[in-house]
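There are 2 protein chains.
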Amino acid sequence: MTTPTLPRDDRAIDFWFDFSSPYGYFAAQSIDALAARYGRDVRWHAILLGVIFKATGARPLSDVPLKGAYVLYDWQRISRLTGIEYHQPSSLPISSVAAARAFLFARNRDPALAKRVARALYRAYFVEQREIQEPAVVVDVCEREGLPRAEVEQALGDERIKQALRDEVAQAEACGVFGSPFIVADGEPYFGWDRLPMLEAALARRSSLSQ
Amino acid sequence: MTTPTLPRDDRAIDFWFDFSSPYGYFAAQSIDALAARYGRDVRWHAILLGVIFKATGARPLSDVPLKGAYVLYDWQRISRLTGIEYHQPSSLPISSVAAARAFLFARNRDPALAKRVARALYRAYFVEQREIQEPAVVVDVCEREGLPRAEVEQALGDERIKQALRDEVAQAEACGVFGSPFIVADGEPYFGWDRLPMLEAALARRSSLSQ
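The listed protein sequences correspond, in order, to chains Y and L.
Under the numbering used here, the first residue of the first sequence carries the number 1, and numbering increases by one thereafter.
Under the numbering used here, the first residue of the second sequence carries the number 1, and numbering increases by one thereafter.
Only chain Y is shown next, with the shape it has when bound in the complex (with noise of 0.2 Å):
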């Protein structure tokens, strides 16, 4: 696969997820913990798919006729499955830009803390039941992870994130990722929730080969 831009020389792994993504939301709880078994770090990226879906031509799984319906069953088996808690969203998906810029906003602080901030707000949208398409609520999930309220609100308006935001969309075309969750580790990509074992696998075989 040719993707000049992936980051082949890098030891980190990197993530990219919509929040409006449940199959993103279910890689977005064990991601962390798989890569650290091995010893390596994830970078994460909010991305829009609404953005990528225009370039790609895709749809949101949902409105696709019969897809739509599967997904649906499929999200609650993984739920099951896993034991990851999962209550199907009543709008899905939303707009996931406020969430994207306040996840920009606290990365730019300290990546952990944006990680926190990233599964309380996918887990207000996917547990919660909460409309994380509203800068309110973003503001009240980042508020309870302890940014300051008034930086938030100050951030989802910020020309700089906004563009920072913008950037990072842009970036992720340029790295192959056309769905959520996507991710990269060794130059190699997995494209799905589904693909984690995969990526395990690969990391299990690589830090044995280097023992």
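Derived by calculation from the structure, the hints in this document are not laboratory data.
There could be a bad hint or two in this list.
[Said to hold, decoys possible] These stretches of chain Y come out as covered by chain L in the derived footprint (C-beta under 8 Å, 3 or more residues): (1) 62-70; (2) 166-178; (3) 182-194.
[Said to hold, decoys possible] Derived pair list, reagent style SDA-like, types lysine to any residue, alpha-carbon separation capped at 20 Å: (4) 54/Y <-> 38/L; (5) 67/Y <-> 71/L; (6) 67/Y <-> 63/L; (7) 162/Y <-> 97/Y; (8) 67/Y <-> 91/L; (9) 67/Y <-> 192/L; (10) 54/L <-> 165/L; (11) 115/Y <-> 139/Y; (12) 54/L <-> 64/Y; (13) 67/L <-> 91/L; (14) 67/L <-> 194/Y; (15) 54/Y <-> 69/L.
[To be verified] One side of the interface only, derived from the structure: several residues of chain Y facing chain L at Cβ under 8 Å: (16) 51; (17) 55; (18) 56; (19) 57; (20) 58; (21) 73; (22) 77.
We put the beta carbon where it would ideally sit given N, CA and C, even for glycine.
Knowing the structure of chain Y, use the given hints to seat chain L on it.
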């Protein structure tokens, strides 16, 4: 998931595939052995994704920007991890009408023979680089599996076989099938080669419950 026509009270497993589908090819290599470990039979159904995609608005994987490049990579990776031979056909997708008709003709005679024919057609396309969109190639492959050449030639243009294939595709859509491979076991739908471990887990659970 509301799929009224799924055969809920039936121990047989239904397996839908398109002859032009690499993930269908991979699933076809292991589905029968997987089911047999739990004393279950598999009914194979050849479908035409082109027809189904017209209804759902989906496009062939290879034609989706970025995703097209990814799946090329993914198919090689699955081949490497599973040890199943795979050579990227020069043309994909292709029309699988002739192959599907030959399969139905064989299935009318003997479902076990039809599975051998299907595996041989898949092998011709994904290993031997033969153009199974060509009726002459399909006839050759069928003959190799013991079917009389003249009868296969006649069947490919037979109105009853044509209608049987239309019925097969319509039944697949009624069962919620939107891609290949698609499996239904005990009323539960599984889309994609990567759902085989979930299928196996469900069969194992049910098998242990009934003991």
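* Asked: Taking each numbered hint in turn, which are not upheld by the structure, reported in ascending numerical order?
  -> 4, 8 and 16
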